[in-house]
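**Student:** Sequence:
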Amino acid sequence: MTMHATPPVLTIPGATPELTARLQDGLVRVDDLLREVVDHDDPFIAQASGHLAAAGGKRFRPLLTLLAAELTDGINDDVVRAATGVELTHLASLYHDDVMDEADVRRGVPSANIAYDNSTAILIGDLLFGKASELIAGLGAEAVLIQAQTFVRLCAGQIRDDRGCPEGVDPVDYYLDVLADKTGVLIATAGRYGAMFSGGSAETVEIMRSYGEKVGIAFQLADDLIDIASQADETGKTPGTDLREGVDTLAILRAKASTDPGDARLLELLAADLTHDDAGVTEALALLRAHPALEQAREETYAVARAAQELLDPLPDSPAKSALQALAMSVVDRVG
1 MTMHATPPVL TIPGATPELT ARLQDGLVRV DDLLREVVDH DDPFIAQASG
51 HLAAAGGKRF RPLLTLLAAE LTDGINDDVV RAATGVELTH LASLYHDDVM
101 DEADVRRGVP SANIAYDNST AILIGDLLFG KASELIAGLG AEAVLIQAQT
151 FVRLCAGQIR DDRGCPEGVD PVDYYLDVLA DKTGVLIATA GRYGAMFSGG
201 SAETVEIMRS YGEKVGIAFQ LADDLIDIAS QADETGKTPG TDLREGVDTL
251 AILRAKASTD PGDARLLELL AADLTHDDAG VTEALALLRA HPALEQAREE
301 TYAVARAAQE LLDPLPDSPA KSALQALAMS VVDRVG
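According to the working numbering, the sequence shown is numbered sequentially starting from 1.
Keep in mind the hints are simulated off the structure, nothing from the lab. Hints are all accurate, no fakes.
SDA-like, lysine to any residue: derived pairs with alpha carbons at most 20 Å apart:
(1) K256 x L176
(2) K256 x E283
(3) K58 x L33
(4) K58 x R334
(5) K256 x Q296
(6) K58 x D223
(7) K58 x A326
(8) K256 x E300
(9) K256 x D170
(10) K256 x A271
(11) K256 x A290
Derived DEER-like restraints, expressed as beta-carbon distance ranges:
(12) Q24 x H276: 43 to 51 Å
(13) M100 x D278: 21 to 29 Å
(14) V28 x L145: 26 to 34 Å
(15) M100 x K58: 17 to 25 Å
(16) R289 x G199: 45 to 53 Å
(17) D273 x L145: 36 to 44 Å
Yeah, the Cβ is synthetic: ideal placement off N, Cα and C, and Gly gets one too.
Start from the sequences and build out the full structure, keeping to the hints where you can.
**Tutor:** Below you can see the structure in the form of structure tokens.
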């Protein structure tokens, strides 16, 4: 499998040059192990398994595992193994996501369901989940249990997301709970593993689990805001995807709660099927960008990031702690 060069470590204002170098070296080790694990004797399976891994990506989750390890005794072979297992789990979920979303492109290349077919994409996703579990099994029973519990929550979050908010449940609370399962839990596991396998105390491990979950929620909330606020030429993505798919993200939920008669047209658009209505999506985006709901959602997103930062307060000062504090805010600074 030919893989792209390891992506550079995300710019983290709090990271010293020495810490950045250690993280970069750790990511190279993760990519080397990832390449080894996704390989297969069957050339077709090897090619399909490595399709998304070879396309690159931010490697955000393994980066967090490595950074969490720097809070204690630093990066070692077990930390690298755990980081790779987390990235494999993430990659596996992308194969399934692309089938469910009927995606065409992922990481700048044709999505697996387009490059191959839906059945192959689903089966390769399953295979990679198995590979991740196999890798984590080498880290002991507790790690295997965490992996299994993470997988259950990932699936539950996706099911709840597709089902929609039940009658009588607060839609914002429901949406944030879905994000905690669908996105937050794997990032929580990334931080948890990093502290665990570098000799961290039970308190540090729990801090990193809680921190990771909040950072994961903030990360997804920021993506939701970008889908509304950005222009296509800024991100390379088509804005309004959530509107087309009928996904009620935080800003949309806040707008839907409006009782202002002046919002009648926006509410009409948000209640409509915009799947094939490009003009409707364009109009809805313009109205949302000017609506107080967007700024309210932005402030709530920053509040989640600040809450993640506060969880780190009990930890002693260190370059890794400073970098983690900066990382929490950097995931939402993308939306201004």
